[in-house]
Amino acid sequence: MTESKTTPTAILDSAHAGDIHGALGSIARDDTAPRATLLARLKTLLAIVGPGLIVMVGDNDAGAFGTYTQAGQNYGTTLLWTLLLLIPVLYVNQEMVVRLGAVTGVGHARLIFERFGKFWGAFSVIDLLVLNALTIVTEFIGITFALHFLGVSQFWGVLASAVIVMLAVSTGDFRRFERFGIVLVAGSLLLVPVILMVHPPVGQIAADFFVPKMPQDAKLSEVMLLIVAIVGTTVAPWQLFFQQSYIVDKRITPRFIRYERMDLCIGIVLVVVGAVAMISFCAAVFAGKPEFGNYTDALGTAVGLETYAGRLPAVLFALALLDACIIGAAAVSLATAYAIGDVFAVKHSLHRKPWDAKGFYSVYCGLIVLAAVLVLTPGTPLGLLTNAVQTLAGVLLPSATVFLLLLCNDRHILGPWVNSTKLNVFTGAVVAGLVMLSVILTAAVLFPDLGEAWIIGILVGGSVLALGVTAAVKFCEMSSRRNASFRFKRKPLRESFHVDRDSWRMPPLDRLPPARLSPLSRIWMIVLRGYLVVAAGLVLLRIVQLATVGA
Numbered sequence: 019m020t021e022s023k024t025t026p027t028a029i030l031d032s033a034h035a036g037d038i039h040g041a042l043g044s045i046a047r048d049d050t051a052p053r054a055t056l057l058a059r060l061k062t063l064l065a066i067v068g069p070g071l072i073v074m075v076g077d078n079d080a081g082a083f084g085t086y087t088q089a090g091q092n093y094g095t096t097l098l099w100t101l102l103l104l105i106p107v108l109y110v111n112q113e114m115v116v117r118l119g120a121v122t123g124v125g126h127a128r129l130i131f132e133r134f135g136k137f138w139g140a141f142s143v144i145d146l147l148v149l150n151a152l153t154i155v156t157e158f159i160g161i162t163f164a165l166h167f168l169g170v171s172q173f174w175g176v177l178a179s180a181v182i183v184m185l186a187v188s189t190g191d192f193r194r195f196e197r198f199g200i201v202l203v204a205g206s207l208l209l210v211p212v213i214l215m216v217h218p219p220v221g222q223i224a225a226d227f228f229v230p231k232m233p234q235d236a237k238l239s240e241v242m243l244l245i246v247a248i249v250g251t252t253v254a255p256w257q258l259f260f261q262q263s264y265i266v267d268k269r270i271t272p273r274f275i276r277y278e279r280m281d282l283c284i285g286i287v288l289v290v291v292g293a294v295a296m297i298s299f300c301a302a303v304f305a306g307k308p309e310f311g312n313y314t315d316a317l318g319t320a321v322g323l324e325t326y327a328g329r330l331p332a333v334l335f336a337l338a339l340l341d342a343c344i345i346g347a348a349a350v351s352l353a354t355a356y357a358i359g360d361v362f363a364v365k366h367s368l369h370r371k372p373w374d375a376k377g378f379y380s381v382y383c384g385l386i387v388l389a390a391v392l393v394l395t396p397g398t399p400l401g402l403l404t405n406a407v408q409t410l411a412g413v414l415l416p417s418a419t420v421f422l423l424l425l426c427n428d429r430h431i432l433g434p435w436v437n438s439t440k441l442n443v444f445t446g447a448v449v450a451g452l453v454m455l456s457v458i459l460t461a462a463v464l465f466p467d468l469g470e471a472w473i474i475g476i477l478v479g480g481s482v483l484a485l486g487v488t489a490a491v492k493f494c495e496m497s498s499r500r501n502a503s504f505r506f507k508r509k510p511l512r513e514s515f516h517v518d519r520d521s522w523r524m525p526p527l528d529r530l531p532p533a534r535l536s537p538l539s540r541i542w543m544i545v546l547r548g549y550l551v552v553a554a555g556l557v558l559l560r561i562v563q564l565a566t567v568g569a
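Every number in the working numbering is 18 more than the matching position in the sequence shown, counting from 1.
To be clear, the hints were calculated from the coordinates, so they are not data collected in a lab.
Among these hints, one or two may not hold up.
As the list claims (entries may be wrong) - Below, simulated SDA-like cross-link-like pairs (lysine to any residue); rule was C-alpha separation at most 25 Å, straight line:
#, residue 1, residue 2
1, Lys-365, Arg-197
2, Lys-231, Asn-312
3, Lys-440, Thr-100
4, Lys-440, Arg-519
5, Lys-307, Thr-325
6, Lys-371, Ile-182
7, Lys-307, Val-201
8, Lys-365, Ser-188
9, Lys-371, Tyr-109
10, Lys-61, Lys-307
11, Lys-237, Lys-136
12, Lys-136, Val-364
13, Lys-61, Phe-227
14, Lys-231, Tyr-109
15, Lys-371, Gly-43
16, Lys-365, Lys-376
17, Lys-371, Lys-136
18, Lys-371, Leu-104
19, Lys-376, Ala-33
20, Lys-307, Leu-330
21, Lys-440, Thr-314
22, Lys-376, Leu-104
23, Lys-307, Ala-225
24, Lys-440, Arg-540
25, Lys-376, Val-364
26, Lys-136, Phe-362
27, Lys-365, Ala-186
28, Lys-365, Leu-330
29, Lys-307, Ile-223
30, Lys-365, Trp-138
31, Lys-307, Val-210
32, Lys-61, Arg-197
33, Lys-237, Gly-36
34, Lys-440, Leu-330
35, Lys-136, Lys-440
36, Lys-371, Ser-44
37, Lys-237, Thr-314
38, Lys-440, Gly-377
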């Protein structure tokens with residue numbers, strides 16, 4: 019008898035327990051045999067791969083295509099080093115999500131709702147719904163760009179894309195959807211022959227990837243905004259919700275966390291390869307041309323590729339864009355449907371047929387239909403929607419990373435899988451950096467004339483403020499014993515977790531004691547709430563202003 023049968027867990031949907039049926043293999047629920055040989059480990063990895071690949075490649079969507087091609091067309095390869103810095107950020111963020119999904123058996127939204135209260139739970143779900151709905155619209159905008167270049171009717175092409183995305187999910191067969199996703203992941207490799215045809219200088223690419231530098235004779239404010247955009251398009255809030263719920267739906271348990279980490283690493287490699295390819299071949303194609311420094315959109319990139327490199331590279335780029343938008347639309351829609359299903363305790367699993375999980379599939383298909391209709395409706399302010407997506411993502415990113423860090427330090431949730439001190443230090447620095455970049459992004463979108471002095475002031479002032487507040491609170495904690503009960507209770511918990519990590523699962527949420535936050539965590543939660551209120555108000559004001567001017 020397996021551990022999951024004898025010990026109560028927090029799994030909400032019965033479809034989330036059972037055999038693993040991945041795109042490339044299966045693992046029986048009662049298969050606990052050690053993977054002693056290389057072949058056995060390879061078969062296990064093939065059965066597990068999927069969540070990391072889909073979430074990473076799905077993030078190289080329409081927004082990523084626009085950001086990376088803009089970086090290459092406007093500044094050459096000088097910003098490649100930002101991708102190198104983002105590799106550990108991507109891994110740390112998503113690896114924490116991997117542990118949360120495998121150990122808890124529930125989605126990200128439900129954990130926030132149960133451990134931080136109704137305010138933060140409602141905030142996370144409602145804002146995720148709004149942001150993801152707008153993000154899916156940008157995916158269909160990217161689809162129209164690709165269809166226009168390929169000479170396909172945008173009306174029928176958008177309808178066909180929407181139907182394909184909905185049908186791929188609505189079969190009631192998890193393995194069938196994952197195979198669809200893996201095919202799209204393979205389609206992302208269409209960017210590789212493009213860079214081989216353009217053949218940019220490899221030495222320059224390597225130098226700019228490993229050696230940070232800023233573009234010469236470029237405004238710092240504009241470069242910083244593009245760097246922030248690269249960060250924002252690479253680390254998105256929906257990724258956290260999608261991968262955690264998808265891991266739960268695939269029935270991955272702590273025993274397979276190491277394999278899911280490998281899956282994540284492969285996905286990160288594919289993302290970086292695609293990003294490097296787009297920046298590099300755009301830098302080579304547009305260097306010395308009138309379009310250099312005058313980026314328009316992904317359609318303009320395709321036209322430029324055809325003009326200066328030939329028809330085939332341009333067609334491959336357009337097909338890769340279409341592929342990326344489809345997988346992005348599917349992943350972002352699933353992230354939302356999973357979150358709503360988790361919070362409202364309705365059936366939500368790709369293992370279930372549509373008539374057995376009506377709410378789950380209705381949310382998913384409703385988002386796709388809404389996005390397609392908006393894109394096809396004449397007069398829809400698509401530019402305003404794209405701007406709103408970028409701004410809202412910048413506002414939500416800090417809260418998503420803060421919740422993630424707090425959850426991964428909750429010993430009642432992760433038991434022996436909680437973060438180590440070293441990981442907390444690194445992740446804390448990452449969170450602080452993301453918060454400051456988020457502030458810069460939000461301020462720059464709201465105030466387009468933001469100068470270099472303000473950007474430098476935000477970076478320096480934010481760093482000093484974060485270090486000062488952290489040091490002051492830590493000093494107070496050390497000099498007083500107000501949080502002694504909190505520290506005292508951690509030791510017995512640590513000792514109680516001297517168990518087999520591979521079999522430890524989170525108990526049902528209603529059996530857990532209330533979440534305890536340290537004084538430092540409480541202070542940062544208050545700061546975060548204040549920031550969100552102010553930033554959201556300013557974003558709303560700016561959107562109303564833009565809509566009024568457009569009208």
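Going through the hints against the structure:
Between the alpha carbons of Lys-365 and Arg-197 the distance comes to roughly 22 Å, so the proposed pair stays at or under 25 Å and holds. A hinted pair counts as satisfied when its Cα atoms are at most 25 Å apart, and Lys-231 with Asn-312 qualifies at roughly 21 Å. A C-alpha spacing of about 23 Å is found between Lys-440 and Thr-100, which places the hinted pair at or below 25 Å, so the restraint holds. Distance hint between Lys-440 and Arg-519 is fulfilled; the C-alpha atoms sit about 20 Å from each other, no more than 25 Å.
Proposed proximity of Lys-307 and Thr-325 is supported: the alpha carbons are some 11 Å apart, at most 25 Å. Among the hinted pairs, Lys-371 with Ile-182 is consistent with the structure: their alpha-carbon atoms are about 17 Å apart, no more than 25 Å. Between Lys-307 and Val-201 the alpha-carbon distance is near 36 Å, which puts this suggested pair outside the 25 Å criterion. Our distance criterion of 25 Å between C-alpha atoms is met by Lys-365 and Ser-188, whose separation comes to about 14 Å.
Restraint check for Lys-371 and Tyr-109: the C-alpha separation of about 33 Å exceeds 25 Å, so the hint is violated. Our distance criterion of 25 Å between C-alpha atoms is broken by Lys-61 and Lys-307, whose separation comes to about 49 Å. At most 25 Å may separate the alpha-carbon atoms for a hinted pair to count; Lys-237 and Lys-136 exceed this at roughly 44 Å. Among the hinted pairs, Lys-136 with Val-364 is consistent with the structure: their alpha-carbon atoms are about 18 Å apart, no more than 25 Å.
At roughly 34 Å between alpha-carbon atoms, Lys-61 and Phe-227 are farther apart than 25 Å, so this suggested pair is violated. Proximity of Lys-231 to Tyr-109 is assessed by CA-CA distance (about 24 Å); at most 25 Å being required, the pair is judged to hold. With a C-alpha separation of about 21 Å, the suggested pairing of Lys-371 with Gly-43 holds against the 25 Å cut-off. Distance restraint check for Lys-365 and Lys-376: the Cα-Cα separation of roughly 8 Å lies within the 25 Å cut-off, and the hinted pair is therefore satisfied.
For the suggested pair Lys-371 and Lys-136, the alpha carbons sit about 30 Å apart, so the restraint of at most 25 Å is broken. With a CA separation close to 38 Å, the supplied pair Lys-371 and Leu-104 exceeds the 25 Å bound. At most 25 Å may separate the alpha-carbon atoms for a hinted pair to count; Lys-376 and Ala-33 meet this at roughly 15 Å. This hinted pair checks out: Lys-307 and Leu-330 have alpha carbons roughly 20 Å apart, not beyond 25 Å.
Proposed proximity of Lys-440 and Thr-314 is contradicted: the alpha carbons are some 43 Å apart, above 25 Å. Between Lys-376 and Leu-104 the alpha-carbon distance is near 38 Å, which puts this suggested pair outside the 25 Å criterion. For the hint linking Lys-307 to Ala-225, the alpha-carbon distance of about 23 Å falls within 25 Å, and the restraint holds. In summary, the hint linking Lys-440 to Arg-540 is supported, as the alpha carbons are separated by about 21 Å, within the 25 Å threshold.
Our distance criterion of 25 Å between C-alpha atoms is met by Lys-376 and Val-364, whose separation comes to about 9 Å. Taken as a hint, the Lys-136 and Phe-362 pair is honoured in the structure, with Cα atoms around 12 Å apart against an allowance of 25 Å. Between Lys-365 and Ala-186 the CA atoms are separated by roughly 19 Å; this keeps the pair inside 25 Å, and the hint holds. With a C-alpha separation of about 45 Å, the suggested pair Lys-365 and Leu-330 falls outside the 25 Å cut-off, and the hint is violated.
Annotation: proposed proximity of Lys-307 to Ile-223 holds, straight-line Cα distance about 19 Å (limit 25 Å). Pair hint Lys-365 plus Trp-138 holds up; C-alpha atoms about 23 Å apart against a cutoff of 25 Å. A threshold of 25 Å between alpha carbons decides the hint, and for Lys-307 with Val-210 the separation of about 23 Å falls inside it, so the pair holds. As the CA atoms of Lys-61 and Arg-197 are separated by approximately 16 Å, the hinted pair is consistent with the 25 Å bound.
Proposed proximity of Lys-237 and Gly-36 is contradicted: the alpha carbons are some 56 Å apart, above 25 Å. A threshold of 25 Å between alpha carbons decides the hint, and for Lys-440 with Leu-330 the separation of about 48 Å lies outside it, so the pair is violated. Our distance criterion of 25 Å between C-alpha atoms is broken by Lys-136 and Lys-440, whose separation comes to about 31 Å. Among the hinted pairs, Lys-371 with Ser-44 is consistent with the structure: their alpha-carbon atoms are about 20 Å apart, no more than 25 Å.
Only pairs whose Cα atoms come within 25 Å are accepted, and Lys-237 paired with Thr-314 is accepted, the gap being roughly 18 Å. A threshold of 25 Å between alpha carbons decides the hint, and for Lys-440 with Gly-377 the separation of about 42 Å lies outside it, so the pair is violated.
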